[in-house]
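A.B. asks: What follows is each chain in one-letter form.
2 protein chains.
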Amino acid sequence: MERITASIITIGDELLIGQVIDTNSAWMSQELNKIGVWVHYRVAVGDVWNDIWNALEEAGKRSNIILITGGLGPTADDITKPLLCKYFDGKMIVDEQALQNIKTIFKKLNRPLIERNVKQAEVPDTCTVIQNKRGTAPGMWFEKYAKVFVSMPGVPHEMKGIMTDDVLPRLLQQFNMPYIGHRTLLTAGAGESFLAELIKDWEALLPSNIKLAYLPNYGLVRLRLTAIGENKNKVEKLLDNEFGKLKILTKEALVAEEDISLEKLIGRLLKERGKTVAAAESCTGGYIAHLLTSVPGSSAYFYGSVVSYDNSIKENLLNVPEAIIHEEGAVSEETVTYMIKGVLEIMKTDFAVAVSGIMGPDGGAQEKPVGTVWIAAGNIEKTEAQKFFFRFDRQRNIELTAMYALNLLRQFILKN
Amino acid sequence: MERITASIITIGDELLIGQVIDTNSAWMSQELNKIGVWVHYRVAVGDVWNDIWNALEEAGKRSNIILITGGLGPTADDITKPLLCKYFDGKMIVDEQALQNIKTIFKKLNRPLIERNVKQAEVPDTCTVIQNKRGTAPGMWFEKYAKVFVSMPGVPHEMKGIMTDDVLPRLLQQFNMPYIGHRTLLTAGAGESFLAELIKDWEALLPSNIKLAYLPNYGLVRLRLTAIGENKNKVEKLLDNEFGKLKILTKEALVAEEDISLEKLIGRLLKERGKTVAAAESCTGGYIAHLLTSVPGSSAYFYGSVVSYDNSIKENLLNVPEAIIHEEGAVSEETVTYMIKGVLEIMKTDFAVAVSGIMGPDGGAQEKPVGTVWIAAGNIEKTEAQKFFFRFDRQRNIELTAMYALNLLRQFILKN
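Residue numbers (numbering that gives the first Met the number 0), protein chains in the order written: chain A, 0 to 415; chain B, 0 to 415.
The following block holds chain A by itself, in its conformation from the complex (with noise of 0.2 Å):
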């Protein structure tokens, strides 16, 4: 059975420059492999006429789609439109329903229309427009050698519409796709190599249409068995079997059987259990307040957080005694367990979760050097606090001790 594949090309000098982070290409695959294309190649290049055209020919020789982001904004840095006319022998035109958008547009921000957003509506005259609802760039879809290229705005959102509005249908239309099967665990507390060894003869053994991936992310690792065949119901019964499998071997690190956000399972804890969460953060300044909001309908279950930078507001609004502080240090198992009390006796929630640590690059001692980390989780009858020492930059610190600190919540939950 044949897959069909996909490329993504992504253009602008803004990537190669790496003044910007490719998120498109990400969610883009996540959506083509949802519908069975495979994305085997992602190629980046820069407004450079040659080497856009290049990445088109061999993009074209190598994949049944081609999906094209960027280069379609209304500065003069652009390329891309004019080498899509030639390159799909068309001629530029102009469409009237992509220019009544664009007015619209102007007309909502009541700003003054000028020649280059007028622009934005011309179109070779060889490709079927697509609409975008979002943004003044429409989409271009252009067929050639049997082969399908989209060219998209880079803009995300815009480009998510697009891709969710249009593309995506009509990409299943046109392909007989076959089916692709996912099953993602969630691990916590043991390493690859580790994971590895515990699963090694049980891998070994995997029939060849499934595929194990290992997926380490801030102390986490997620475990993703990809299946592919033409019978829905036979790969979703070889991944059921295979997946069983999987998590008995786990069971030990087994966090979630899904792929689901700590933030997200924490969520749903807490709802089930219709009980509430407060935050007190000194070194994480806000950010596990902003993973639990992230969730929507946090508002539900998180009440709030007091991010207690400056150990002033530790003191006077958090309680912990000053001569805690003095004695024991603003990073100590004592001021992250009267954090969680204080926080619970302002917020008046169920549960707490609480940090105090050094993220660096200043702020060590020889006692307690950057990256040293209280974190901790109780309720009104107990805390639970854990020391960690993590070693890198200021802002992986950050994100692992709200990893940790979330975990401890979710352990903590699970047994109160």
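Don't read these hints as lab results, they were simulated from the structure. Virtual Cβ for every residue (Gly too), placed ideally from N, Cα, C. A few of these clues could be false.
Quick list of simulated restraints, FRET-style, between CB atoms [to be verified]:
| id | chain 1 | residue 1 | chain 2 | residue 2 | range |
| --- | --- | --- | --- | --- | --- |
| 1 | A | 364 | B | 78 | 43 to 49 Å |
| 2 | A | 85 | B | 296 | 51 to 57 Å |
| 3 | A | 117 | B | 250 | 26 to 32 Å |
| 4 | B | 78 | A | 172 | 32 to 38 Å |
In silico DSSO-like pairs for lysine-lysine, Cα to Cα no more than 27 Å straight-line [claimed, not checked]:
| id | chain 1 | residue 1 | chain 2 | residue 2 |
| --- | --- | --- | --- | --- |
| 5 | A | 80 | B | 210 |
| 6 | B | 107 | A | 250 |
| 7 | A | 367 | B | 106 |
| 8 | B | 250 | A | 107 |
| 9 | A | 210 | B | 118 |
| 10 | A | 90 | B | 199 |
| 11 | B | 199 | A | 80 |
| 12 | A | 386 | B | 102 |
| 13 | B | 347 | A | 340 |
| 14 | B | 367 | A | 159 |
Got chain A sorted already, so can you dock chain B onto it with the hints?
C.D. replies: Here is chain B on its own, set in the frame of chain A:
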């Protein structure tokens, strides 16, 4: 003059399936750019022999330097190292120093050393080994057809360490780099096409060795000039000259004459003035505090944040009168004004920033639909508030709200 070019090859199914976002490439591009290397091609391929092989072949034809990340982990889905061994006509040998490093790491972690960990010390005998001080997989430096190929682990902090300590200095030694200079300015409140219109006459007359790029991001637009040449002084002089003109042309939207984040800029303004700030956040859920504390040394001016997600916290902790929330709503000018007042009282800082809004997907009403946001900045004497309406998804609404709030805070600090 010939430019030194580089390709980046990223290996791993996890990127192609979209479960991991590629942040390595952006960082590598930035660093290479700084030493005068132009990254003109980035490609991601899966753990598939032919795809990796072809990517090496194509990149080798195209670029002087080929940097490869990923595919070196201890688990069984890795085929990169045997492939490199074959591609560079080597045979696999154990590198004693790498083995010693692995043993030391496992001893520190107090984990048993297993066969697959030992295998990580194996390298092709045709490479120069680059020791990895932060992990178990060593880097490998190959030369073929007068091109340099470097393979590195995909774990970001390991890759960054190897690049900084070894690869970048070696590249500087090996190649005769041209000089590349950049100037970036930050604007707020003006769209990309509006800026383009302001500067089009100047842009049309730019010399051929200088390039302008528009980098829009969350309501801010960065304008970057890049110039290249053999003589550093000439390049810098040219840049100074053109950048001077650009600053004048864009002055009504100009925020900073450099590539800086708003949170860093605010930190600098506060430090210069010896002032402090606190936040009161509802809909951003800690994200503003997270941004402010992502800056090293922010503890000097950022005291903390009250994340008052639940209305009870707004009332009890920030002293927003219940009647105000009842009559005007939690998302109102009156509420954010009281939030400023409340947090200034608690935290005793010079300035405060506050936000309240509806981020979606739920929680909207006819009068106040999803995306409605009130932001405020103030001090003990006065408060300025603004209303916004964002039409995006939850994540983007949160990020935009934070960005506009920080910009309002910046303006308030400048005026007061």
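A.B. asks: Please name the hints from earlier in the document that this structure breaks, with their numbers sorted from lowest to highest.
C.D. replies: none
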